[in-house]
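Using the sequences plus the hints, can you model the full thing?
So the sequence lines, in the order shown, correspond to chains A and B. Heads up, the first sequence is in my numbering, so the first residue is 2 and it goes up one at a time. Heads up, the second sequence is in my numbering, so the first residue is 296 and it goes up one at a time.
There are no misleading hints in this set.
Below, simulated BS3-like cross-link-like pairs (lysine-lysine); rule was C-alpha separation at most 30 Å, straight line: (1) K540(B) / K310(A); (2) K522(B) / K561(B); (3) K297(A) / K314(B); (4) K540(B) / K312(A); (5) K403(B) / K166(A); (6) K105(A) / K56(A); (7) K540(B) / K56(A); (8) K215(A) / K3(A); (9) K3(A) / K540(B); (10) K314(B) / K403(B); (11) K540(B) / K215(A); (12) K79(A) / K540(B); (13) K358(A) / K310(A); (14) K411(B) / K329(B).
Just so you know, these hints were derived from the structure itself, not from any lab.
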Amino acid sequence: MKLHEYQAKAILSRYGIKIPLGHVASSPQEAQAATQAMGGKAVLKAQVHAGGRGKVGGVKVVQSPDEALQVAQAMLGKNLVTNQTGASGVPVNSLLVEELADIKRELYIAITIDRGFRGPVMIISAAGGMDIEEVSSTRPEDIHTEPIEPILGLMPFQTRRLVQKLGIEPAAARSAAQVMTSLYQIFVENDCSLVEINPLIITGDGQVIALDAKMDLEDDSLFRHADLHELRDRSQEDQLEAEAADLDIAYVNLEGDVGCLVNGAGLAMATLDVTNAAGAAPANFLDVGGGATDEKVAQAVEIILSDPKVKRVLVNVFGGILRCDVAARGVVIAYQRRNSNLPLVVRMLGTNLEEGKSILSESGLNVTFADTLTEAAQAIKQAI
Amino acid sequence: MGILLNQDSRIMVQGITGKEGSFHARACMAYGTKVVAGVTPGKGGQLFDDEVPVYDSVAEAVARAGANVSLIFVPPPFAADAIAESVDAGVPLIACITEGVPVQDMVKVARYIENKPVRLIGPNCPGMINPGAQCKVGIMPGAIHMPGRVGVVSRSGTLTYEAVGQLTALGIGQSSCVGIGGDPIIGTSFVEILGLYNDDPDTDMVVFIGEIGGNMEQEAAAFIGEKMNKPVCALIVGATAPPGKRMGHAGAIITGESATAASKVKALREAGATIIPTPADIGVTAQQMLQAMG
Numbered sequence: 002m003k004l005h006e007y008q009a010k011a012i013l014s015r016y017g018i019k020i021p022l023g024h025v026a027s028s029p030q031e032a033q034a035a036t037q038a039m040g041g042k043a044v045l046k047a048q049v050h051a052g053g054r055g056k057v058g059g060v061k062v063v064q065s066p067d068e069a070l071q072v073a074q075a076m077l078g079k080n081l082v083t084n085q086t087g088a089s090g091v092p093v094n095s096l097l098v099e100e101l102a103d104i105k106r107e108l109y110i111a112i113t114i115d116r117g118f119r120g121p122v123m124i125i126s127a128a129g130g131m132d133i134e135e136v137s138s139t140r141p142e143d144i145h146t147e148p149i150e151p152i153l154g155l156m157p158f159q160t161r162r163l164v165q166k167l168g169i170e171p172a173a174a175r176s177a178a179q180v181m182t183s184l185y186q187i188f189v190e191n192d193c194s195l196v197e198i199n200p201l202i203i204t205g206d207g208q209v210i211a212l213d214a215k216m217d218l219e220d221d222s223l224f225r226h227a228d229l230h231e232l233r234d235r236s237q238e239d240q241l242e243a244e245a246a247d248l249d250i251a252y253v254n255l256e257g258d259v260g261c262l263v264n265g266a267g268l269a270m271a272t273l274d275v276t277n278a279a280g281a282a283p284a285n286f287l288d289v290g291g292g293a294t295d296e297k298v299a300q301a302v303e304i305i306l307s308d309p310k311v312k313r314v315l316v317n318v319f320g321g322i323l324r325c326d327v328a329a330r331g332v333v334i335a336y337q338r339r340n341s342n343l344p345l346v347v348r349m350l351g352t353n354l355e356e357g358k359s360i361l362s363e364s365g366l367n368v369t370f371a372d373t374l375t376e377a378a379q380a381i382k383q384a385i
Numbered sequence: 296m297g298i299l300l301n302q303d304s305r306i307m308v309q310g311i312t313g314k315e316g317s318f319h320a321r322a323c324m325a326y327g328t329k330v331v332a333g334v335t336p337g338k339g340g341q342l343f344d345d346e347v348p349v350y351d352s353v354a355e356a357v358a359r360a361g362a363n364v365s366l367i368f369v370p371p372p373f374a375a376d377a378i379a380e381s382v383d384a385g386v387p388l389i390a391c392i393t394e395g396v397p398v399q400d401m402v403k404v405a406r407y408i409e410n411k412p413v414r415l416i417g418p419n420c421p422g423m424i425n426p427g428a429q430c431k432v433g434i435m436p437g438a439i440h441m442p443g444r445v446g447v448v449s450r451s452g453t454l455t456y457e458a459v460g461q462l463t464a465l466g467i468g469q470s471s472c473v474g475i476g477g478d479p480i481i482g483t484s485f486v487e488i489l490g491l492y493n494d495d496p497d498t499d500m501v502v503f504i505g506e507i508g509g510n511m512e513q514e515a516a517a518f519i520g521e522k523m524n525k526p527v528c529a530l531i532v533g534a535t536a537p538p539g540k541r542m543g544h545a546g547a548i549i550t551g552e553s554a555t556a557a558s559k560v561k562a563l564r565e566a567g568a569t570i571i572p573t574p575a576d577i578g579v580t581a582q583q584m585l586q587a588m589g
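Next comes the structure, spelled out in C-alpha cells:
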C-alpha cells in the first residue's frame, strides 16, 4: 500500500526527522492562504501515488499567494500523467504547500528488502534529487548499498561509514546519522517495503531536512497496522483493482479484451502467456485463490464482466481445493446477475469436473469447453 | 528414492484442527502419507479423526509420536512462531503452506534457521510430494501424480499441478515435486532443490518452472551451467506482466531488468537449459528430452 508524500512526512516527523513547514490544501483558496502564511512564496506539490511529478508540472514554485491560487486551480481536480502512471494518469485531489528550502546539497537515502541478502538494505547516493533508477544505470558507482543485519539493526559504525561516503560536512554529520537511524526504525516498526527520502537536503545553515518522502507499506503486514491502513487513498488506485482488493482477490488490470479467471498466481500468469502466444490479449490477471466459494468466484467474474473492454472470457481452473462444480456455479451466477452473453471458454481439470461441465452446459451460456491449455488458447482466439 | 521425503517420513500437521489443516491432513492421509501427529496449542489430548493424536507443542509431537516432518497451516500472524517452534524442537524438514506471512517475520526466520540442520520449504507454497514413497506433504491433488524419474520444481501451486498433469498425461512419472513458494523471502531456493535432484540417483531430468521477480532464476541458471549434470527444461511465466505490479505472488513483481521473464529465459538458455516455449508445452518438451536421452 502506498502513502502520499504528506502522510509519509508526518510519520518521518513523528520519528524526529526534520521536514519543511507545510500545509495540505484541497482547494485553491486553501493553497492561497497557506502560501500567504508562509510569507508569500511556496512550492506546490501534487499529492499522487506516482513518481516523476516534477517533470510533468506536478511540482511548482509560486512567488505570490495569487499565483498559488492560479496554479492550484490548474492542478487540483485534474489527472496527472507521469512516466509511472498509465495513460489516464491519477487524480490530483490535494496539494502539499511547503516553504521554500535553502538547498546546499541533495542526497538520496532509502531502505528496502533485498531478496538476495534476505533482509533490509540501506541505499545511499550523493546524487540526490534525481531519478535513482537513472543514476543506478548511468552512474552505478555513485550508489552505495549497506546491508543491515536484522538482529543488530543499523549500527553506529555503519552510519559513520555512510556519512563519510556521502561526504557530509562535520557540522551536519550527527544529524544525518540520526536521520539514517530513525529511518531504519520507521522501516521496521511500520513494516515498510520501501522508505525513501529523495532528496535529503543539507541547507546553507547545516540543517538536514527530508524534502520529499515516499513510503510503501507491505500489504501482508497491514493486519498489524490498523492506523496506517486508514491512510489508504482509493482514488489513486485502479478502480477495478481496488474493488478486487476489497474482496481479497488478486487482480491486475491489463490492456486486452480477454477477461481471465484462474486459480493460483503461477497458473494465472501462465494463462496470460498462453493467451498472448495464441495472438489474443488478456484484459486482466486474476487469481481467485484456492479456497474460493461459488460466491467469491461469482464476485471475481463480475469484476471481469464490469470491465467495458472485456469481449470474451477465459476460465482456467485446476480443481484441487477449488472444486470444478463450485467454480462453474460461480461463473453462472455472475453471468446471470450481469445478464451477460459474452463468449466463454472454460478449461477445468480435477475434482468434480463432470458436474462442473454439466452446470455450465445446462446454463444456456455461450460456452466452449477445452481440455488443455493449448485448446483453451485456440478457442479463446476464435471466440469473438 | 526421490528427494526430501521417503518411506520413513513421519508427518506432523501444525494447525491440524483448523479448516485448512484438517482438510489437507485428511487428503495427505488418503494418499498414504504417515501423518503421526497434529499440533494445536490448547487442544492436546484430542484425537484427530479417531486416529491422529493432537499435542499442545511440537516438542511433544516429536518426543511422543516420532514426527520428523512439519506441515504448517497456521494463519499468517502465527506462522513465524510455528516455524520457529519446529526448528527449536529439532525437526529437520518443514513445509509452511501459509500465504501472507509478513516479510519482516521471514527476515527474522531466515536468520534464525541459518546454519541450523533444518530445511524450510515455503512459505506460500504447495509443499512437496514423493509419489514413489506415497508421501505427500502439501496441498497438491495427489491423484495427478505418478511415480517416475522426472523431478519437478516450481515457485507456484496450481502451475506445478499443470506441469505434473501434462507429464502424467504423457505417461511420464515424477521422482519428486517441490513448490518452493511465491514470496520474496523463502526458506529454500531453486539452487538448493536443483542440487538435491542432481544428487538423487532416481532423478534423470528436471522440469524447472520459474517466474518474474527477483533473480533466483539467474542463480539457478548459474548452477545449471556449472554444476548440474542432468538435463533441465525450463519455463518462465509472467512474460506479459506489466512492471511494478504484484502478480498475485508477493514475489512476482518486476523491479528492474533482471526481474523480467526475458532476462531469466536468456540466463537459463545460456546455461544450457532447454526452454519450454509456452506453458502448454511442458509435457511435450520433457517427452522430447527423454526420447533424446534414450
